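Q: Start from chain A and add chain B with the ligands according to the hints.
Protein chains in written order, with the working numbering: chain A, 1 to 334; chain B, 1 to 369.
Please note that a few of the clues may not be correct.
[Unchecked claim] Listed next, the in silico PhoX-like pairs over lysine-lysine satisfying Cα-Cα at most 25 Å (straight line):
hint: 1; chain 1: A; residue 1: K169; chain 2: A; residue 2: K211
hint: 2; chain 1: A; residue 1: K211; chain 2: B; residue 2: K81
hint: 3; chain 1: B; residue 1: K69; chain 2: B; residue 2: K81
hint: 4; chain 1: A; residue 1: K57; chain 2: A; residue 2: K250
hint: 5; chain 1: B; residue 1: K331; chain 2: A; residue 2: K169
hint: 6; chain 1: A; residue 1: K179; chain 2: B; residue 2: K331
hint: 7; chain 1: B; residue 1: K81; chain 2: B; residue 2: K114
hint: 8; chain 1: A; residue 1: K179; chain 2: A; residue 2: K211
hint: 9; chain 1: A; residue 1: K169; chain 2: A; residue 2: K179
hint: 10; chain 1: A; residue 1: K211; chain 2: A; residue 2: K251
hint: 11; chain 1: B; residue 1: K331; chain 2: B; residue 2: K114
hint: 12; chain 1: B; residue 1: K114; chain 2: B; residue 2: K186
hint: 13; chain 1: B; residue 1: K114; chain 2: A; residue 2: K169
hint: 14; chain 1: A; residue 1: K138; chain 2: B; residue 2: K35
hint: 15; chain 1: A; residue 1: K57; chain 2: A; residue 2: K251
[As the list claims (entries may be wrong)] Computed footprint of chain B on chain A, listed as stretches where at least three residues anywhere in the stretch have a Cβ under 8 Å from a Cβ of chain B:
hint: 16; segment: 83-92
hint: 17; segment: 168-182
[What the hints assert, rightly or not] Selected chain A positions facing chain B (Cβ under 7 Å, derived; list incomplete):
hint: 18; residue: V37
hint: 19; residue: T128
hint: 20; residue: I190
Note that these hints are calculated values from the structure, not bench results. Being a predicted model, the structure only gives us computed values, none of them experimental. The C-beta atom is built at its ideal place from N, Cα and C for all residues, glycine as well.
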Amino acid sequence: MDETHTDDTLREEIEQQVHDETLIEGATDFDSDYPIVIEGLRNSFGSQNVHEDLSLKVKRGEILGVVGGSGTGKSVLMRSIIGLQIPDAGTIKVFGRSITEAEPDEEIGVRSRWGVLFQGGALFSTLTVGENVEVPIKQFYPEISEELRQEIARYKVVLSGLPEEAASKYPAELSGGMKKRAGLARALAIDPALLFLDEPTAGLDPVGAAKFDELTRELTDTLGLTVFLITHDLDTLYAICDRVAVLADKKVIAVGTIPELLETDHPWIQEYFNGPRSRAASESHDRSEHKLKNNASEAGTQSGAKREAMSDVDTDDGAQDLAAKSKAIDNDAS
Amino acid sequence: MREWADFTVEEGGGRNCVTLQGPLTIASIAVVDRKLRDYDDSVQSVDLAQVDSIDTVGAWVIMRFARDKDAEIINASDQAKRLIAAVEESASTAPLAPPRLRALERVPAEVGDKVVDLGWGVTSVVGFLGAIISSFGTLIRHPSRFRFKALVRQLEVVGVSSLGIIGLMSFLIGIVIAQQGAAQLKQFGAEIYTINLTGRLALRELGVLMTAIMVAGRSGSAFAAQLGTMKLTEEVDAMRTIGVSPMEALIIPRVLAAVLMMPLLGFFSCMVAIVGGAFVADLTLDIPFLTFLSRIQEVVPTYDLWVGLIKAPVFGLIVALSGCYQGMQVKGDAEQVGLRTTQAVVLGIFMVIVLDAFFAVFFSEIGWA
Ligand SMILES: Nc1ncnc2c1ncn2[C@@H]1O[C@H](COP(=O)(O)OP(=O)(O)OP(=O)(O)O)[C@@H](O)[C@H]1O
Ligand SMILES: [Mg+2]
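With the rest of the complex left out, here is chain A (with noise of 0.2 Å):
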């Protein structure tokens, strides 16, 4: 019976260092089929339109890729998506949160269920890499205890690729590529739902970029998250995106798999999937895939054969794996 008590008085300790807001469920839907649905929207600057009756829905457990040309409003639309950058007109939701109609840090109830990694890092440039892990957990989560905040600290930090020592660095101690890596590990500390990638390879070796590749994936399948991830690495596209969202004239011209983009016959789109880095990339995906299954017969054929089998979608094994996995996943997005 006195075991018992303790066991009381502990969870009423605890739960009164709970923080109220992270529980706001109200309306929220964190089981709803699509976490994230933009319509109508339009950001400006100035006289700058941005974007333009832009719509897109993005669906739960899949890796959306975001490809577009450099300044067609990428960062922007994932700054709206996430609150930072207030909208002309649309509206936006989150597990069914509006974020157009919230405060700029009005506690919305889906913060705790996000992690965001912006293109520049942004590191808290006065903490470690380790305490940058700690500051989400501590705002969130409270409740936990000291000693496991930092056990979760450290793993993630690992977890992230980088080298255990780089947990007490300081930010501007770090390489280019250290800093993506810790900001990752900051974007993952509360095992979100929600991940927001902004260019997370730029900058990676090619080594460490296939391995950030099969994390996002791997934490994809085992977690259920849903990433919204902008690149310009086709690599990353080919090897571990459910599908890609095209960003061109201000809107969200096509959103499918990479074959469904391919068939589309918007000339941005064909050149952006049929010029050479693409083809490399799409060629190299396939092999690794053919790799994989043990598949030999493909190995003596010429690059130029290749090429016709990639355009070819329907025949080609990596395309059709990819178009199986992305199955279940509908076209109606845009």
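A: Relative to the frame of chain A, chain B with the ligands by itself:
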């Protein structure tokens, strides 16, 4: 109400089995984490059959418990196994903050550092001044490289846009000197000397000194913060690689602007202070406004004006030097920008006051008393 994870212990034949229940996620782990930490019996197996969801934090807590107790994890779902494997691979014991010395060692070490820094600080300020002078020399030989636009811009920022605040401040100072002076001099029936007091004090000391303090607060701090931020964002490094000397592009225009503007601002300040004094005299001492002004010409020696005007550019140099030097010393993090900005202002004002004392002695020695 939040749902907390929990556990029960089953004993069977000397084997303890810990069975976890509920969601094992970051939001629900706090209670069970503390209870598991306090649990000191031996455990042979950890049963996850009743766990309905798990994330990396839950996986970590189980992994750590099982590892510490040397227990076996059973009935883990596929997802749980993958997560536990992932966090196990990432386990680390590295410290999160750089090692700190004990207070007993830290205090003497920091005192030592401060002393050494002070020595270095003096040499590097002198070095900085030398660099400014030498690049000024280069500019004189290659006048085409001189950044005229940057200078004009700084002249505007340092000088023109501070006229309002300096004018207001000086007017009030003039009022205070005249009013307080009159109150004391009245006791000897010597109110008329209020004119001497206001005129001489404003021209020799207060006009220029207060202006220097205002410029240190307005422009010295701005120099430090701007240059410091540019250092942090690597703008200064980028300039160097393009072959633009930060000295010529950033520092010379700022220093020159402060040196050129200080005499003008100081003179302006003196004049406004005298007008302020005349205003009070007119209202409270029955000395007409214009009489006050014409008496100033008679009672204030010309060298008083020179005393002020000679000090002004030197003060300007000190303030700009301190701002630019501190700004260029920034490295590392955002906190440094704030720290260096504060130091720029504090040291700038301090040096101005020290120098002012030297000047006071110097000028009275050469007979400009
Ligand atoms: N704070 C701002 N003020 C004014 N214009 C801005 C601002 N932020 C972004 N823009 C403009 O919005 C447009 C989109 O910028 P954004 O940063 O979203 O591009 P991006 O698609 O992320 O490009 P990149 O791939 O290079 O990162 C650009 O034309 C940019 O000039
Ligand atoms: Mg961007």
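Q: For each hint, tell me whether it holds in the structure or not.
A: So, going through the hints one by one against the coordinates:
Simply put, A/K169 and A/K211 have alpha-carbon atoms about 22 Å apart, close enough for the 25 Å limit, and the pair holds. This hinted pair checks out: A/K211 and B/K81 have alpha carbons roughly 20 Å apart, not beyond 25 Å. Taking the CA atoms of B/K69 and B/K81, the gap is about 18 Å. The hint holds against a cut of 25 Å. For the hint pairing A/K57 with A/K250, the CA-to-CA distance comes to about 16 Å; that is within 25 Å, so the pair holds.
Between the alpha carbons of B/K331 and A/K169 the distance comes to roughly 15 Å, so the proposed pair stays at or under 25 Å and holds. Restraint check: the Cα-Cα separation between A/K179 and B/K331 comes to about 17 Å, which is no more than 25 Å; the hinted pair holds. For the hint pairing B/K81 with B/K114, the CA-to-CA distance comes to about 54 Å; that exceeds 25 Å, so the pair is violated. A distance of roughly 16 Å separates the Cα atoms of A/K179 and A/K211; the hinted pair therefore holds under the 25 Å criterion.
Distance hint between A/K169 and A/K179 is fulfilled; the C-alpha atoms sit about 11 Å from each other, no more than 25 Å. This hinted pair does not check out: A/K211 and A/K251 have alpha carbons roughly 31 Å apart, beyond 25 Å. Of the pairs offered as hints, the one joining B/K331 and B/K114 holds, with about 18 Å between alpha carbons and a cut-off of 25 Å not exceeded. Simply put, B/K114 and B/K186 have alpha-carbon atoms about 51 Å apart, too far for the 25 Å limit, and the pair is violated.
About 23 Å separates the Cα atoms of B/K114 and A/K169, which keeps this hinted pair within 25 Å; it holds. For the hint linking A/K138 to B/K35, the alpha-carbon distance of about 20 Å falls within 25 Å, and the restraint holds. A distance of roughly 13 Å separates the Cα atoms of A/K57 and A/K251; the hinted pair therefore holds under the 25 Å criterion. Restraint check on the segment 83-92 of chain A versus chain B: 0 residues with Cβ-Cβ distances below 8 Å, three needed, restraint violated.
Proximity of the segment 168-182 of chain A to chain B, defined as three or more residues with a beta carbon under 8 Å from a beta carbon of that chain, is established by the 5 residues found. For the restraint placing A/V37 at the interface with chain B, the shortest Cβ-Cβ distance is roughly 24 Å, beyond the 7 Å limit, so the hint is violated. Because the smallest distance between the Cβ of A/T128 and any Cβ of chain B comes to about 6 Å, under 7 Å, the interface hint for this residue holds. The restraint placing A/I190 at the interface with chain B holds, with a minimum CB-CB distance near 6 Å, inside the 7 Å limit.
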